[in-house]
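J.: For chain A, the structure is supplied; the task is to place chain B on it using the hints.
What follows is each chain in one-letter form.
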Amino acid sequence: MKKRGELTTSQIVGLTLTIGGFAVVLIFVLVYLDVGKQVGKDACSLSVLTRATANTKVEGLVPLKCTTEKLCLTYGKDCNQFIGEEKTTPIVLPKENDKAAIELIEAATANALFDCWKVMGQGKLNLFGAGKEAGIFAQATALNNLFGGKSSCTICSRVAIQDEVIKKIDIEEIDINHYMEETLVPGSSLTYLETFTDRQVRNYPKTVEDELGKSFPENRNTNEIAIIFMQILTDKDSLAAAVETGAHTGGAFALATKGIGGLFGIVVSSATGIAAGFQTFSDRQLAASYCAPLSDDFGSSVNLNGCTVVTGMNYHNVESINEFCSRIEGNP
Amino acid sequence: MRKRASQFLPENVVSIIIGAIILIGFGLGVYTWYQTAQTDTEFASASSTIRTIKGKIDALKVGQENDFPFQGFAGKQAWYIKGYSNTTINRPEKCFFESCICVSPYPTPTSCDNEGNHEIIDAGEIIIEGVFPEKCITVKTGPEDYDTICTQSETPDDFIIIPKNFYLLHISKEKINNEVTVAIKFNRPENEQ
Numbered sequence: 001m002k003k004r005g006e007l008t009t010s011q012i013v014g015l016t017l018t019i020g021g022f023a024v025v026l027i028f029v030l031v032y033l034d035v036g037k038q039v040g041k042d043a044c045s046l047s048v049l050t051r052a053t054a055n056t057k058v059e060g061l062v063p064l065k066c067t068t069e070k071l072c073l074t075y076g077k078d079c080n081q082f083i084g085e086e087k088t089t090p091i092v093l094p095k096e097n098d099k100a101a102i103e104l105i106e107a108a109t110a111n112a113l114f115d116c117w118k119v120m121g122q123g124k125l126n127l128f129g130a131g132k133e134a135g136i137f138a139q140a141t142a143l144n145n146l147f148g149g150k151s152s153c154t155i156c157s158r159v160a161i162q163d164e165v166i167k168k169i170d171i172e173e174i175d176i177n178h179y180m181e182e183t184l185v186p187g188s189s190l191t192y193l194e195t196f197t198d199r200q201v202r203n204y205p206k207t208v209e210d211e212l213g214k215s216f217p218e219n220r221n222t223n224e225i226a227i228i229f230m231q232i233l234t235d236k237d238s239l240a241a242a243v244e245t246g247a248h249t250g251g252a253f254a255l256a257t258k259g260i261g262g263l264f265g266i267v268v269s270s271a272t273g274i275a276a277g278f279q280t281f282s283d284r285q286l287a288a289s290y291c292a293p294l295s296d297d298f299g300s301s302v303n304l305n306g307c308t309v310v311t312g313m314n315y316h317n318v319e320s321i322n323e324f325c326s327r328i329e330g331n332p
Numbered sequence: 333m334r335k336r337a338s339q340f341l342p343e344n345v346v347s348i349i350i351g352a353i354i355l356i357g358f359g360l361g362v363y364t365w366y367q368t369a370q371t372d373t374e375f376a377s378a379s380s381t382i383r384t385i386k387g388k389i390d391a392l393k394v395g396q397e398n399d400f401p402f403q404g405f406a407g408k409q410a411w412y413i414k415g416y417s418n419t420t421i422n423r424p425e426k427c428f429f430e431s432c433i434c435v436s437p438y439p440t441p442t443s444c445d446n447e448g449n450h451e452i453i454d455a456g457e458i459i460i461e462g463v464f465p466e467k468c469i470t471v472k473t474g475p476e477d478y479d480t481i482c483t484q485s486e487t488p489d490d491f492i493i494i495p496k497n498f499y500l501l502h503i504s505k506e507k508i509n510n511e512v513t514v515a516i517k518f519n520r521p522e523n524e525q
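Chain order of the listed sequences is A and B.
So the first sequence is numbered by the numbering used here: it starts at 1 and just counts up by one.
So the second sequence is numbered by the numbering used here: it starts at 333 and just counts up by one.
Worth flagging that the hints you see were computed from the coordinates, not collected in a lab.
Careful, some of the hints might be misleading.
[Unchecked claim] Simulated crosslink set (PhoX-like; lysine-lysine; CA at most 25 Å straight-line):
no., chain 1, residue 1, chain 2, residue 2
1, B, 388, A, 87
2, A, 77, B, 386
3, A, 41, A, 168
4, A, 77, B, 388
5, B, 507, A, 77
So here's chain A without its partners, still in its complex pose (with noise of 0.2 Å):
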């Protein structure tokens, strides 16, 4: 005789099953998933993905484990820059051909530019918790800075080169402009500046290539470049934005533009108050931007405009840096 209260036969079934299928998924989360187990760009991925798709609430819980990676453009010794570090990553050069040498040089700062926008997930996704200036991200004690807004930046990668190279090639060869707009991306049909605005632009529009043109000596003296994701929260209008942190990207950045309907996808900005870019191997670098209203975690759009930022910068230009990003995520 059944008594009240007691457990029917297919309840413990449906009990045991629950019970299971949570320790399931834990151990597949907690085991196969372990992301701090995972190296690379594929733990950044990951951990990317997990935290722009993680609810609004526990987004700033998500760690993002990106670690920078090092490149070092050398001809076989070791870059003085990264002297005491670990893992750096040494990209040798042919000695005896300059030109393939340059060639080189550009390919990795592209790419490196390319993994960085890649792996952020290109400016589409939320990864610094946009709309919650009053939530998580509020207790971050960085300073304000670009349009009285908090930037929060990760760096990609570190790219430098050896001494050896910067005395026998000419830094001045170096047009990695041009290399991102003439060259296809591995495995793509479309070359850098493409993919960078989402297919709009092809070439260079001639004030954009007059811009990237001028020259700011001062902002040569440097052997390495910090590849640096930017992403801020704005309420001001995509299009304000975009303009506003070209001013801070150097003044002339491809922008893709799909978040602000049919507007000619590159901004030039007059300012050159902060000049960013690769400012060793050329005065001004073309900045890849995604300026939209960022999505949250279920793909709807939130009040805010996000502005996202690949670019590089001189890596010992402290102030300059911090200009731009009020807080770092990610392993040094």
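T.: Then chain B, alone, in the frame of chain A:
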């Protein structure tokens, strides 16, 4: 009334209780996992920083000095860099009798031992200079009026708080009284302190 109370107890009340316990347990598990993951990430960043500092110190020859840019990191807690000379009495046990630098959530030997990471430095003395802290006092200027007066300390902190973005460390290595002295000074641009 008694009959109604008994009717209020559903026959699967045990299942509901077990279900609730499982849900709470699962939630706690996920929260703990997130917390651990977050702390692990910060610990890894802090450890990487201190290893890099040691690497730079080792690369310097006696008599050399340089400014090195370092990449800070944002986290849920602050991380402190503190140095201990081999003669310091109150020191982390993990440094034994050697000079060392330590990164930990608090600038104390206990925090270094329990939650931090350290690197042994081949030097007799370690000098760490952080920022010059501001000390503020509130002064009563009227019946209901108060003023806060802040003055900058003349001596720097003997620890460095790792900032959330970039910073410069001035590292020098010199021989004083036949003993190698390593000094690490926080060197952030004026307008950002």
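J.: Look at each hint and say if it fits the structure.
T.: Going down the list of hints, with the structure as the test:
Between residue 388 of chain B and residue 87 of chain A, the direct Cα distance comes to roughly 15 Å. Compliance with the 25 Å bound is thereby established for this hinted pair. Between residue 77 of chain A and residue 386 of chain B the CA atoms are separated by roughly 21 Å; this keeps the pair inside 25 Å, and the hint holds. For the suggested pair residue 41 of chain A and residue 168 of chain A, the alpha carbons sit about 32 Å apart, so the restraint of at most 25 Å is broken. For a cut-off of 25 Å, the pair hint linking residue 77 of chain A to residue 388 of chain B stands: about 18 Å separates their Cα positions.
Of the supplied pair hints, the one linking residue 507 of chain B and residue 77 of chain A is violated, its CA atoms being roughly 30 Å apart against a limit of 25 Å.
Hints 3, 5 from the earlier list are contradicted by this structure; the remaining hints agree with it.
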